[in-house]
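Those protein sequence lines, which keep their order, are chains A and B. Quick note: the first sequence uses our numbering, first residue 1, plus one each step. Quick note: the second sequence uses our numbering, first residue 1001, plus one each step.
Think of the hints as simulated: they come from the structure by calculation, not from any bench. Just so you know, these numbers come straight off a predicted model, no measurement behind them. All C-beta atoms, glycine included, are put in the ideal place defined by N, C-alpha and C. Do not take every clue at face value.
Covered stretches of chain A (chain B as the covering partner; in silico rule of three or more C-beta atoms under 8 Å from a C-beta of chain B) [stated by the list, open to error]:
1. 48-60
2. 86-97
The following label-pair restraints were derived from C-beta to C-beta distances [unchecked claim]:
3. A/Arg-96 - B/Lys-1087: 18 to 26 Å
4. B/Val-1005 - A/Gly-55: 18 to 26 Å
5. A/Ser-64 - B/Gly-1015: 45 to 53 Å
6. A/Asn-92 - B/Asp-1073: 19 to 27 Å
7. B/Asp-1073 - A/Leu-8: 36 to 44 Å
8. B/Gln-1067 - A/Gln-78: 35 to 43 Å
9. A/Gly-55 - B/Asn-1085: 40 to 48 Å
10. A/Ser-66 - B/Gln-1067: 34 to 42 Å
11. A/Ile-107 - B/Ser-1075: 41 to 49 Å
12. B/Thr-1115 - A/Arg-96: 39 to 47 Å
13. B/Tyr-1100 - A/Arg-41: 16 to 24 Å
14. A/Gly-55 - B/Lys-1028: 17 to 25 Å
15. B/Lys-1043 - A/Ser-66: 23 to 31 Å
Each chain, written out:
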Amino acid sequence: IQLTQSPLSLSASVGDRVTITCRASQDIGDSLNWYQQRPGRAPKFLIHAVSTLQGGVPPRFSGSGSGTDFTLTITSLQPEDSATYYCQEYDNLPPRVTFGPGTKVEIK
Amino acid sequence: EVQLVQSGTEVAKPGDSLKISCQGFDYKFSNYWVAWVRQTPGKGLEWMGIIYPRDSDNRYSPSFRGQVTFSADTSINTAYLQLTNVKASDSGIYYCARRYGAGAFDIWGQGTLVTVTS
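Next up, chain A with everything else stripped away, as it sits in the complex:
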């Protein structure tokens, strides 16, 4: 399975609504997670199973989708959201994990 993300980079202003798309090459149901990686840091787990926010993640982040098309939305972009965002899919029979190429979000 391959994951594609679009756009690969974007520049937006504080307060903007930002949408990142992740597309799977075949149906993955709801086996889709999202991570945020700031420069020089490890990835941070944001969203589990398409739309479940992890504890401590601000509610301006949300996820949606199913099957092959998924989105990560930031409703009101903040300066600390400047990072690269990765989608990730998985299966366990056999074990497989794939990450998307990442979307770099910059603040104008």
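Could you slot chain B onto chain A? The hints should help.
Relative to chain A, chain B alone:
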């Protein structure tokens, strides 16, 4: 605080072997799968495989099988990644991460930078 702490930067020559450690704190280490993920500028994030520390059950990504070895020592809450006969293309940042649920990773180590150069 639940965390994974990895060993430090490694500089190796082609053909060398090296071993990276990942120690867990403030959770029952033996009960959670630990994954290894490599990050490089060219290929991004790559899942290398996963180990269950309690019984050292290993699952390797086909892309890395035969090139890496996972192990664990539950007495010191530590997982290991061994790289053998390294090449320049093995350079990158290696992360360990705790598996959450069926296939997410909720806690990540800080990363270990590996540079392979002659």
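A quick look at each hint next to the structure:
Coverage of the segment 48-60 of chain A by chain B holds [criterion: at least 3 residues with CB-CB distance below 8 Å; count 3]. Against chain B, the segment 86-97 of chain A contributes 10 residues with a C-beta closer than 8 Å to a partner C-beta. That satisfies the three-residue criterion, and the hint holds. Hint check: A/Arg-96 to B/Lys-1087, Cβ distance near 24 Å, so the stated range 18 to 26 Å holds. Distance hint for B/Val-1005 and A/Gly-55: a CB-CB separation of about 21 Å, consistent with the stated range 18 to 26 Å.
The supplied range of 45 to 53 Å is met by A/Ser-64 and B/Gly-1015, whose beta-carbon atoms lie about 48 Å from each other. A hinted range of 19 to 27 Å holds for the C-beta pair A/Asn-92 and B/Asp-1073, which are about 25 Å apart. Roughly 40 Å separates the CB atoms of B/Asp-1073 and A/Leu-8, a value that falls within the hinted 36 to 44 Å. About 41 Å separates the C-beta atoms of B/Gln-1067 and A/Gln-78, a value consistent with the hinted range of 35 to 43 Å.
Our hint of 40 to 48 Å for A/Gly-55 and B/Asn-1085 holds, since their Cβ atoms are close to 42 Å apart. Look at A/Ser-66 against B/Gln-1067: about 35 Å separates their beta carbons, and that is inside 34 to 42 Å. Between A/Ile-107 and B/Ser-1075 the beta carbon distance is about 46 Å. The supplied range of 41 to 49 Å therefore holds. Taking 39 to 47 Å as the suggested C-beta distance range, the pair B/Thr-1115 and A/Arg-96 does not conform, at roughly 29 Å.
For B/Tyr-1100 and A/Arg-41, the hinted distance range of 16 to 24 Å is satisfied, since their beta carbons lie about 18 Å from each other. Distance hint check: the CB atoms of A/Gly-55 and B/Lys-1028 are about 19 Å apart, consistent with the given range 17 to 25 Å. About 28 Å separates the C-beta atoms of B/Lys-1043 and A/Ser-66, a value consistent with the hinted range of 23 to 31 Å.
Hint compliance for this structure: hint 12 is the single one not met.
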